[in-house]
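Trainee: Produce the complete structure using the sequences and hints provided.
Here the protein sequences line up with chains A and B, keeping their order. Mapped onto the numbering used here, the consecutive letters of the first sequence carry residue numbers 1 to 334. Mapped onto the numbering used here, the consecutive letters of the second sequence carry residue numbers 1001 to 1292.
In case anyone wonders, no lab produced these hints; they're calculated from the structure.
Sample of chain B residues lacking proximity to chain A, with all beta carbon distances greater than 10 Å (derived):
no., residue
1, His1132
2, Ile1138
3, Ala1142
4, Leu1166
Computed cross-link-like contacts, SDA-like style, restricted to lysine to any residue with a CA-CA straight-line distance of at most 20 Å:
no., chain 1, residue 1, chain 2, residue 2
5, A, Lys150, A, Ser161
6, A, Lys150, B, Ala1268
7, A, Lys150, B, Val1264
8, A, Lys293, A, Thr52
9, A, Lys150, B, Pro1262
Facing chain B, according to a computed beta carbon distance under 8 Å, are these residues of chain A, among others:
no., residue
10, Val77
11, Glu132
12, Ile136
13, Ala139
14, Gly146
15, Ala147
16, Lys150
17, Phe307
18, Met312
19, Ala316
Backbone N, C-alpha and C define an ideal beta-carbon position, used for all residues, glycine too.
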Amino acid sequence: MSEEATIARTPPTARETVALAAQVQRTTCVLAAAVLLGALALPWLSASYATTLAIEIMIGGIFASGINLLLGGTGLVSLGQGMFLGLGGYGIGIGTTVLGLPLWLSVPATLLVVAILAAGIGAVCTRTRGVEFLLITLAFSQMFFGAAIKLRLTNGSDGMSGIPRPDLTFVGLNSDNPVVFYYYVLIVTIFAVAAMRRIISSPFGSVLAAIRESERRAAAMGYAVGRYKIGAFVIAAIACAAAGVLQAQYTYFINPDSMSWQLSGEGVLMVIIGGATTVAGPLVGAAVFVLAKQGLSIVTTEYMMFFGIFFMLVVALFRNGLVEALKAALWSKS
Amino acid sequence: MQVFLTQVLNGLQLSMLVYLLAAGLTLIFGLMNILNLAHGAFFTLGAYCGVVVGSSTGSFWLALLVGPLLPLLLGIALQSMVLQPLAERGRSTHLDLALLTFGLLFATAGAVEWLFGSAFLSIPTPMALSGHLDLLGISYPAYRLFIIGIGLAVAAALTFVFDRTLLGATLRAGVDNRAMVTALGVNINALFAIVFGLGAALAGLAGVIAAPLTSVYSQMGITIVVETFVVVVVGGLGNLRGSFYASLIVGMTNAMSQAYLPEVEMFAIYALLIGVMIVRPQGLFRSVERVA
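Mentor: The following block contains the structure:
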C-alpha cells in the first residue's frame, strides 16, 4: 500500500473539495474543447467511414440526451422513447412525401405535433411511476408501432423512402455529400446538447432533480410535480423526435423498426453506459454503443445476443456509467 | 352467432395462454418487486425445448412434460444466482433488475437464433387432440379446447395453492410484508427462487402448448411478453386473481378486434391499457393501495 493511496482515503477538507471541483471543471472544459475540435476536424483527419460512424454517434447522442432528461434528470425510466424517434421520422416523411410540404415547414410542424402528442401521452404516463411508468410508455410505443405497420398512410411495414435532406444550395452546398451532412448533424448536436445542459442547470431542471430524489418532498414544497414531469416528458420527446428527423434524413428512409421496443432499449442502454447524471454521458454512451455495435458486426452476425449480454453486463457492473467511473478515477488520483 | 361463438372460444384460448405467463409474472412482481421482462424468454425456451423433445421422440406428451423443466431450472438459477446477489449488493431498486432482465430477453432471443437459426419451427398437434369437437352447434378444434382446459386447471390449482395451503399463506404474507415473513423464520430466498422457477415453468408450459398452434421462432417471447405486461398492469401488478380477469379481458379484446375490426388489431389492447391507466392507474382489480 503506497503513501499516496493512504492519503487519498482521508476525507477532503472544504478547501480541497472546492479546488477539486474547480479542477474537475477545468478538465471538463479542456475535454469538451478537445472533443469539439476533434469533431470539427474529423472529416479532414480520417476516411469517410469515421464520418459515418460519427453521424450515427451524434444522432444516438441526441436520442439518448432526450432519454437522459427523463432517466437521469427526473428518475423516470421510459422504454418507449423509440415512438418519438419514429414519430419524428414519420412526421417529416408524411409532411414532405405525402402532403408535399417543404422541409423547412415539415420539421417545425413535426416537432410541434410531437410536443402536443407528448403532452397528452405524458399526462397519462406520469400518473404512474417506477415499473408502471416503464410499462405504460412501452404500451404507448407498441401502439404507435402497431399503427405504423397497419396504416396505409405510413406504407405499412415497408416504411417510407425518399425522405429529403435539407436543401443547402443557397449557400452552395449539397447535403447529399456525407461531409456536408456531417456538419449539419454536428451543428444540431451542439445546439441540442447546449440546450439540454441549459435545461438541466435551470430552476426547472433543479425541480426535476428534486422530483428524482424525493417526489413527495418536492410536492410538499409546493411544486406541481405532475406539470414538471409532463414538461420533462415533452422536452425529452422533442429531443428524441429531432434525432428521428436526422435519422430519417441520414438514411432517406423510415420504417416501423425505428419505433420498436429494442430501439427504445438501445437508447436506455446508451444513457446507462454513459452515466445518467451528466450532460456528456449520453454522448459518451452513444459513442461506446455505436463503436461496440460496429466492432461486433465485424466479429459476428448474432448482434441481438451480444446486445443482450452487453446490456446485462453494463446494468450489473457499471450502473453509474463510464463518466462517473472516470470522475471517480480522477478523484482518487488527486 | 356461430362466428361469434367461435370468436368467444378463440378469445378464451388466447386468454388462457396469456394467463399462464401473466400468473408467474405477477406473482414474481408481487413477491420480489422484480419486473421480470425476461419472462418471454422462458416462453421461447419452453417452446424450443418442446420442439427438440417432440421431434426427437415424436411424443407431444413427453415434450409437454419436459418443456417446462429447462425454464424451471433456469428460473431458479437466475433468481438465486444473479438477481438475488445483485439485490443484496444494493441493486434493490427494481428498475435496475428490470433492465437486466430486458437484456436477458434479447440475449435469449439472440442465443436461440444462433442455435436454431431463424426458421419457423412447429410441433405437430398430438393425434388424440387433432380432431374437432361439436360444441353448441359449432365445430371447434379439440386442441384449442385443450388449451382452455389447461389454463382453467392451472388457474384453479394456483387459486387452491394460494388460498388454502401453507405455501400460499406464506406467499400472501410475503406479498404483504416481506420483512415480517423473514422475521418469522421463513427462508425467503428459497421461497423467491421457487416462485421464480415455477413462474418460469408456467411460461415454458405456455410455450410448449402454443407451439402446435403458432410457429416457433426466436422472437416469439418478445412478442407475447408485451401482451402479458398489458394483462398484469390491467389486473394490478402483483394481483393473481386480477390477472386472471385481465387475461380474459385482453384475450377477448384481441380475438374480437381480430375478427371484427382487423385494422385496430395491433393496438386495441394498448388502447384498453391506456384507458385503464387513465381511470385506475393502480389496475382494475387492485384492492390494496401501494404507497410510493
